[in-house]
Structures are given as structure tokens and as C-alpha cells.
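Could you put together the complete structure from these sequences and hints?
So the sequence shown is numbered by numbering that gives the first Met the number 0: it starts at 0 and just counts up by one.
There's no promise every hint is true.
List of simulated lysine-lysine pairs, BS3-like, C-alpha gap at most 25 Å [claimed, not checked]: (1) K564 to K576; (2) K268 to K256; (3) K314 to K335; (4) K358 to K576; (5) K243 to K229; (6) K468 to K308; (7) K268 to K47; (8) K61 to K301; (9) K229 to K256; (10) K243 to K208; (11) K275 to K246; (12) K314 to K441; (13) K268 to K282; (14) K61 to K229; (15) K47 to K87; (16) K416 to K441; (17) K246 to K279; (18) K416 to K61; (19) K525 to K583; (20) K279 to K256; (21) K192 to K8; (22) K596 to K576; (23) K87 to K275; (24) K408 to K335; (25) K300 to K61.
Computed Cβ-Cβ distance ranges for the label pairs, DEER-style [claimed, not checked]: (26) L79 to N584: 54 to 60 Å; (27) A616 to G336: 53 to 59 Å; (28) D191 to N584: 52 to 58 Å; (29) E624 to H392: 27 to 33 Å; (30) R701 to P312: 36 to 42 Å; (31) G388 to K246: 54 to 60 Å; (32) H247 to P221: 31 to 37 Å; (33) V615 to T382: 29 to 35 Å; (34) D519 to G388: 53 to 59 Å.
Hints listed in this document are in silico derivations from the structure and should not be mistaken for laboratory results.
All of these numbers come straight from a predicted model, not from anything done at the bench.
Don't be surprised by glycine CBs; every beta carbon is placed ideally from N, CA and C.
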Amino acid sequence: MIFEGQAVKVAMDDAGVATVTLDLVGESVNKFNSVTLNELAEAVSILKHTDDLQGVIFASAKDVFVVGADITEFTSWFKLEDEELTDKLRHAHSIFNDISHLCCPTVAAINGIALGGGMELCLACDYRVMAETAKIGLPETQLGIYPGWGGTVRLPRLIGADNACEWICGGAQKRSADALKDGAVDAVVAADKVQESARHLIQQVLDGKLNYRCRRDELRAPMQFSPIEKMMVFESVRGVVGAKAGKHYPAPMAAIKTIEKGISQEMEKALETEIKGFVKLAKGPVAESLVNLFLSDQAIKKSAGKYAKNATPVKQAAVLGAGIMGGGVAYQSASKGTPIIMKDIRPEALELGLSEANKLFNGQIERGRLTAAKALKAMNGITPALSYGEFAHVDLIVEAVVENVNVKKSVLAETEKYLADDAILASNTSTISITELAKDLKRPENFCGMHFFNPVHRMPLVEVIRGEKSSDEAIAKTVAYAQAMGKTPIVVNDCPGFLVNRVLFPYFAGFSLMMKEGADFQLVDKTMERFGWPMGPAYLLDVVGVDTAFHADQVMAEGFPDRMKHEGINAVDCLFKLERFGQKNGKGFYAYEPDRKGKPKKIFDADIIEILAPTVASHTELSEEDIIARMMIPLCIETARCLEENIVASAAEADMGLIYGIGFPPYLGGALHYLDQMGLQAFCELADKYSHLGKLYEPTARMREMATNNETYYGN
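What follows is the structure in C-alpha cells.
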């Protein structure tokens, strides 16, 4: 052993080949924190001055190679002055440059995930050997930045500018087959053969079969493009990436600009170009928001992990109700390995639920994500049932029947009779009080909420709702089951609408008030979509279901009459009365017809103007700024209320709930982060301009106190 630190070790064999092993003490994964970077610099310095060095292998002692930079530490760099941040980046560059200039061939032995800085370390090597099961990539654009340790310079020279733009701008993790096809790695082998293969590559160089110096020269030189070739590559890439990224996410387009400049420059100049662009992105509000989301996501997963730590795993689940939602729950459970009974009282409902699950499995087969054999095995994990015959062996039951308090109470009380004493009952209600639903149960401590979002297989969030009598054991087991299903659970306390719908309905209420004033719902939709929402409020109501929204609105109005009750008939009431329920029956605010793939496509229905005319009380001209303010203010205030009332435990959980549950624009970082960036004083002043619209637009006393004291929700 010629070097041994807390994260990096270097050993030399008898043939003069050194192996640099990454093994960060006290961590389950390798990541680039200051310890790892500094030790890597020291190790490389030793290698630079080692006589008769014949080759160097960079390897990992863990199941992953390097997952990337330690974000919690790395983001502190973003708060530095430009010159200090530039110096930090240059220091990292100097380490990787030293690796690329070692006097012998270098090989990265990629046994597992190599992302971000981990991938950039691999790019600094002459050759790369990758395990079949490993994944590599440069995901930095997902954090509002781009690769800053040489990735925008080395990757284009290795795999071509067009491929590099796709890798970097998309931020996806690439499987071994794709990495080999694009030329990012030189060999793909079994995981236990990676180091052996890396050693074989070095031997090929030593035997004169491979010329690593020639490869280095090619990869350091400017790339040769004619003006026409360059224009064709980058105009095409800009069009595709620009359409996908949109105006709110500048990092992908900035990456293209940097790559385009860098390919014509000498290596050293190109690296300086990368640094300059990186610094600009790192100091922007979008990077701050997206990094905050990443950290919040880590925080809520950690919180869920604490709940689930001592929970007994769910070995057999059940779902009551076999509609689209029940079928989705059954599919998700079975696809992740937990067998599930799907019960309904109607055979045709069971057929619908099984058909829904089967359709989803077939989709996975078509996309190459599952083999037919594995899909069949998972599908066999769903057992249809018309009775409670097998329920004595069930660990957790998800009730997913119609959103009606009396129906749910009846079904829950009946089901409880057939369960083991320690089985958990969970309701997939979206608005109804868990405490209320528990009133007729004999074991209310074994009951809680488990609110999935539609479509279940796509939406990552599950709200786990604690009723007044829900036990810690019930919450823990439900959280553990949600995690086993591949979902992100957030534990919230009981109230009408819980967290997500409680916050969403003031947003809808702001929309309804504008509709009463004669606003064009299409203009509102387009404005909010331009602002960053995946769909505007009218379209969202059609997707949720106007009937669902109508019933939920009644629950919310009863729970919070001071601000969520409305006088007279609004647009949703009107559409509900006419049974225009949205996508589910082809007409709502919009009309729907199937597109080429059979999916509902919205079209304008001229009848809607006359239909909604009786709900319009006045006509007001609204600017884009008015529309955004009138939609966002109620949502932000209600989110703050949920935190103040301990419905949700932290700002991070509140914001991630909105991101994952209703598609809150990620570039804003969540409602509370949005308030922090705007400043509470500025927000309260904005809200006061709309105070004539009622309680929905009235900041809480605590918000005003925080504004006066210049406090923030994230405390930074």
C-alpha cells in the first residue's frame, strides 16, 4: 500500500500497475466530498512521482463506483463569490487533468453507478470498462447546472457532439449497452470481471496492441467541424432540447452553448469555458430551487426511512374496489413484488381492474422494461376475489371504493370483521377525514389514510394520513408498504383534504373567482402552463374529474367555510349539474376525442361559452401578472397554514408533496421555497393588493410576523 486515507487507497502490484480504490469510510456509497477530492489529489500526486509506473486502475470497494458530488457540501460552493467558486472548480479540474496526464495508461473499472463527478473521473481516464449491471451518466442539468469537472469538454470528444448533447441535456442514467454503443466505454463485462478486464486492457497497451498516447492526443485536440456540419448538429440539438427544456430551465441550453464553444478550443481553453458557464448557472435561482428539491427529496426519504425502520414488512396486501384506481394499486404492488388480493362485489369490476393491470404490464413489455415471463409472474401476484375468503392472512388492506363517507364507513366496518387483529386498514380517500372514517371501527388504532394519486403507476407520492387514533405501528407499516411499492410517502396529520388537496382547492377557488369575473379559461390555462404548470386549472379539473372536484369541494367548504365556501353556482357546479365530468366522459371545460394512440386529446367546445354564461357575474380584464398572482397566492398561503397547523412536519415535506402530487413547477422549488425566494414581505404586499377578494388572499399572522423579522421557511 503506497497511500491509505479515509476515502482513497493506492496499492501497487509487482508489475508496476497501481490500483486506486475508492472506499469512503462510514458511507454506503462513494461520493466526492472534500475528503475524497483532497485524498484523490494526494494519491494522484504520489503516482505522478512514482518511478516505473506501468498503469493505473481506478476502482471501487463498494457496490457503486462514485454517485457524484456530495450535494450537501457541494452546494455550499454555490454561495461563494465568483472567484472563489472558480478556484474550487479549477482545483477539481487540476486533479482530473493530472490523471489524464499520468505517464502510463489509465483505466476506470466501473463496477456500479458512476454519475456526475464519478463519470467525469472515468472520462479523465484513457479507457473505461463497465459492468453489465452498472449505469453511468451526467445528471447535473436536473439540478439546474451542467457538468463542471470536465464533462462538457471530454464527453463530446469521446462520443461526438450530438451524442454528448443528448447525454448531458437529458441527464439520464445510461445502461451498459447504450454506453458501449455510443462509445463512452471500451468494454462491458460481468460485474465480478471488471477489474480483471481493466488489468487486461493495460496489458494490451504494454504489449503494444493499444496506443493510449495516440488516443490522448485525439481527445485533447479541438474537434474538426466544417461550418455547415457544426450548424446542422447544433441547430438540430437546440431545437429538440429547447422545446423539451422550456424557458424556465436554462441549464440544458447553456450546456449546448458551452459544448459548441468547447469543441473548437484546445482542452485547457475549453475547460475554462466550462467553468465560466458553470459559475453563471450555479448562482441562478433555478439551480438554487432544483438543488433545494434534491435535498428535500433526500430529507423526506430519510424521514420515511425512520418511520419504516422497525415496521414488519407487508407480505400479503389487498385492495378493496377494482376500478381504475384499484387496478392501479394492484399493479403497483404486484409489479414491485408484494402479492395482492383485489376484491370487488361485481365480476365486471374485477375484469376492469385486471384489464387495467394487464394493460400496464403489457406497456412495460413493449418498452423493453420487462420480459413476458416476468410480467406474467407479476400479474399472477394479483388475485381477484368476490369474497373475504383469504383476508385472514392479509397484512395491509387499501380501501379504494367510491369517495362517499357513508359507503366507505360501511365497507371498512365490514372488512374489519375478516382481518387478523394486527392487520392494517388504510383508506385511499382524497379528502374525507380519517378520524371520521375510523368512528365505526373496533380497532381504530390499526387504521390510517393511504392516499394514492392517479395514475398510480406514474405519480410518485403517497400521503400517509394519521388519524386521531392511528397508532405509530399502523403508520410505520403503511409507510414501509408505500416504499416497497416504489413510492415516496409523506406522513401528514388529519384534516379535510390533508396536505395536497387542501392546498390544491384554494388554487381552484382562485380560478373559480376569475371565472365569475368572465375570465377566459383557455387564457388562464395557457398562462399557468407558460408559468410552468404541466396543465392549467381548467384542464386539470377535467383530468381530475369535475364530479370528483365537485364532491371534494363540498368537503373542503364544510371544513374551511371562512375561505373555501362560495356563494351561488360556480363553473364546476354548473358542469357537474350537466354531467360534463371531464375526460372520463368526453366533455368538461373542454371536449375530448381520441388521438392516434387512443389517448384523450382536448379540443375547444364552442358550447362552453353559453353553458358557463349563467355563472359569470361581471367582466374584468386580467393581465398575465394578475392571473398568476390570483392563482398562486391562495395556494401559497394554504401551504403556509398546513405547516403552521402541523398538518405537515416540515417545509421540505410540504414542497415535495406539491411537486410530486400536483406538478407544482419544479423550477420554483415548491410553494414555501417560492415564498423564500420572493421574500415574505414582498409576498404579503402582493397579497394585500388582492385583499378585496376575501380570506383566501389574506396571509396568516405568522406569515406577517416572519415577514417583519425577515425569516424564511428553510432558515437560510
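Inset, instruction - Could you work out which earlier hints the structure fails to respect and list their numbers in ascending sequence? - result: 4, 10, 14, 18, 22, 24, 29, 33
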